[in-house]
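2 protein chains.
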Amino acid sequence: MSQVTMYTENLPNIPWQEKPTDCPGPVWRYSENPIIRRNPLPGVARIFNSAVIPYQGEFIGVFRGEQINGVPQLYLGYSKDAIHWTYEKEKIAFVNEKGESYMPRYAYDPRLIKVEDTYYIIWCTDFYGAALGLAKTNDFKTFIRLENPFIPFNRNGVMFPRKINGNFVLLSRPSDSGHTPFGDVFVSESPDLVYWGKHRHVMTRGYNQWWQSLKIGGGAAPIETSEGWLLFYHGVIGTCNGYVYSMGAAILDIDNPSIVKYRSGNFILTPEMDYEEKGFVANVVFPCAALTDAASGKIAIYYGAADSYVGLAFTTVDEIVTYIIENHVANGDDNTIGIL
Amino acid sequence: MSQVTMYTENLPNIPWQEKPTDCPGPVWRYSENPIIRRNPLPGVARIFNSAVIPYQGEFIGVFRGEQINGVPQLYLGYSKDAIHWTYEKEKIAFVNEKGESYMPRYAYDPRLIKVEDTYYIIWCTDFYGAALGLAKTNDFKTFIRLENPFIPFNRNGVMFPRKINGNFVLLSRPSDSGHTPFGDVFVSESPDLVYWGKHRHVMTRGYNQWWQSLKIGGGAAPIETSEGWLLFYHGVIGTCNGYVYSMGAAILDIDNPSIVKYRSGNFILTPEMDYEEKGFVANVVFPCAALTDAASGKIAIYYGAADSYVGLAFTTVDEIVTYIIENHVANGDDNTIGIL
Chain B
0 MSQVTMYTEN LPNIPWQEKP TDCPGPVWRY SENPIIRRNP LPGVARIFNS AVIPYQGEFI
60 GVFRGEQING VPQLYLGYSK DAIHWTYEKE KIAFVNEKGE SYMPRYAYDP RLIKVEDTYY
120 IIWCTDFYGA ALGLAKTNDF KTFIRLENPF IPFNRNGVMF PRKINGNFVL LSRPSDSGHT
180 PFGDVFVSES PDLVYWGKHR HVMTRGYNQW WQSLKIGGGA APIETSEGWL LFYHGVIGTC
240 NGYVYSMGAA ILDIDNPSIV KYRSGNFILT PEMDYEEKGF VANVVFPCAA LTDAASGKIA
300 IYYGAADSYV GLAFTTVDEI VTYIIENHVA NGDDNTIGIL
Chain D
0 MSQVTMYTEN LPNIPWQEKP TDCPGPVWRY SENPIIRRNP LPGVARIFNS AVIPYQGEFI
60 GVFRGEQING VPQLYLGYSK DAIHWTYEKE KIAFVNEKGE SYMPRYAYDP RLIKVEDTYY
120 IIWCTDFYGA ALGLAKTNDF KTFIRLENPF IPFNRNGVMF PRKINGNFVL LSRPSDSGHT
180 PFGDVFVSES PDLVYWGKHR HVMTRGYNQW WQSLKIGGGA APIETSEGWL LFYHGVIGTC
240 NGYVYSMGAA ILDIDNPSIV KYRSGNFILT PEMDYEEKGF VANVVFPCAA LTDAASGKIA
300 IYYGAADSYV GLAFTTVDEI VTYIIENHVA NGDDNTIGIL
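Chains as they are written, first to last, in numbering that gives the first Met the number 0: chain B, 0 to 339; chain D, 0 to 339.
Hints in this document: simulated from the structure, not taken from any laboratory.
Each hint should be verified, as a subset may be incorrect.
In this list, chains with the same sequence are indistinguishable; a pair is considered to hold if it fits within one copy or across any two.
To be verified - In silico DMTMM-like links for lysine to aspartate or glutamate, alpha-carbon gap of 25 Å or less:
#1 K113 to E57
#2 K97 to D254
#3 K197 to E99
#4 K260 to E146
Next up, chain B with everything else stripped away, as it sits in the complex (with noise of 0.2 Å):
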């Protein structure tokens, strides 16, 4: 039994494996990681940064598939048991309102979100520079493009899997439309998916926790617990060889995410093994999505590896929780006078 409650669906199904005794963190890699590996259908040199849900007894993903031309797109993918899957060979053609093909020209870290009866992707698309794209599908046969959210520049939108106090929530993480050498996470909300407001920041980069000194960015949808939104997020430090992203974890207030109950100083999964330390962008351990067992309080972890790959990782809600909660530091929010 669980000591946090997730308040989601029973999931036995998951992915699942026990705890090795030598893992040193609250979080533990699948053995047989990657899941996914290079050129996994015709025309598509690598998936990574993808993300997964449930659908009908078996799982659905929207995966970025980085084209041979170098250039990313959204596929979708099945599985039965989330870990093997099967591909689309066409990228997901998006439509307008009207029904009309509206394609990005690009579409790359897609998130997957129930919200009521409806799923949203939220992806990083062109929009006279990088934005957030959002579309909409019921059933994953016909998606609808929605207006952008924001002007640019944005990347790492995020949405909540309910709505709060009647709106739809998101955060995200303002940009250039470069590498970024920054970045803070805000939250925004709407009533309608149309018209976004009410932005508030969330969580400033950790000034003082090198790891996510550079900038921090949304991973997976906020997991609802008993302690608030369980939010598994991306931060990065600049080495002088290059990035590092690595995985960390924070709890946000249930009725008002702006605000950051606890938040772990320390990572809980950074670059280590092969499959992360090299690729296409080396050291990126990147965070997308997270399937729950409400029952066990089991919690399957899904990222990005070196831009190349995708792993899975495992935890339990009751670890995680403890874990953020015993090494919690202040938002650190007092440290941002300096980019003011």
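Model the placement of chain D on the given structure of chain B, informed by the hints.
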């Protein structure tokens, strides 16, 4: 009689001088420029980049006042002739909807727009980086701050003087939080000034017109005319010794201001005078406001000069609209591929 109609008030008392015979372009300077000089009030070193509007038969202004600690705030001023100003000694005291103090840490480059019966101030404020602040007043005594329209980073928010298709409409320029070596103009809509959306790209920097090749940004509130919305804006080139800010002009579609009908490929004013070429920031001509007299077609443009002074310049709606149409260049959207 004017051939192009301005759908604005009749204001026969706006500042005016006839065009000098030796003026090479469509806009000419006031002979007594600058109209606001250094140390305009105690504790304020410079006023520039400021907005004026008619009010109760006279004029009122919201001024960017650079305090002697170097931090800009907004100051109120009054004038009978819109040339000679008296100022409130204290910076504008913003409050929230409950009447509690809600001061920006800094505030600069205000625009002042009347929509229906309310006056709105938009400025650049601190929101974990440069962003737009928004406030309203009906009496220029109580200034109520509203929600920030956007997450960072953004500058040069310019509201239209009436709703379009039932919504408030706002131009803005996505930026970084520094000196921003890029920038296009976007337009956004809001039904309620709380939530914003339907973001559209309006104008790219003008790659083939070097004076505006680095970035552009809205200036005075658009002026409604029989040809469309007349927009005075600023365009910037990056030289080896710094940025140079000139004034440009365009005409936007009256019902859909994301469509540029005409845009002058030439600047209409560029730093030439001592007070424009020298100062706290050399080589800046930065329009923020315009007064118009519908009956005569006269337009008086207020612009910041060298981040140190306020200058005044004149044109007529016939002259400037004719000039824009005759010197029209395509919007240049085809040239934006490099930043996608």
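For which of the previously enumerated hints does the structure constitute a violation, in increasing order of number?
Structure breaks no hint.
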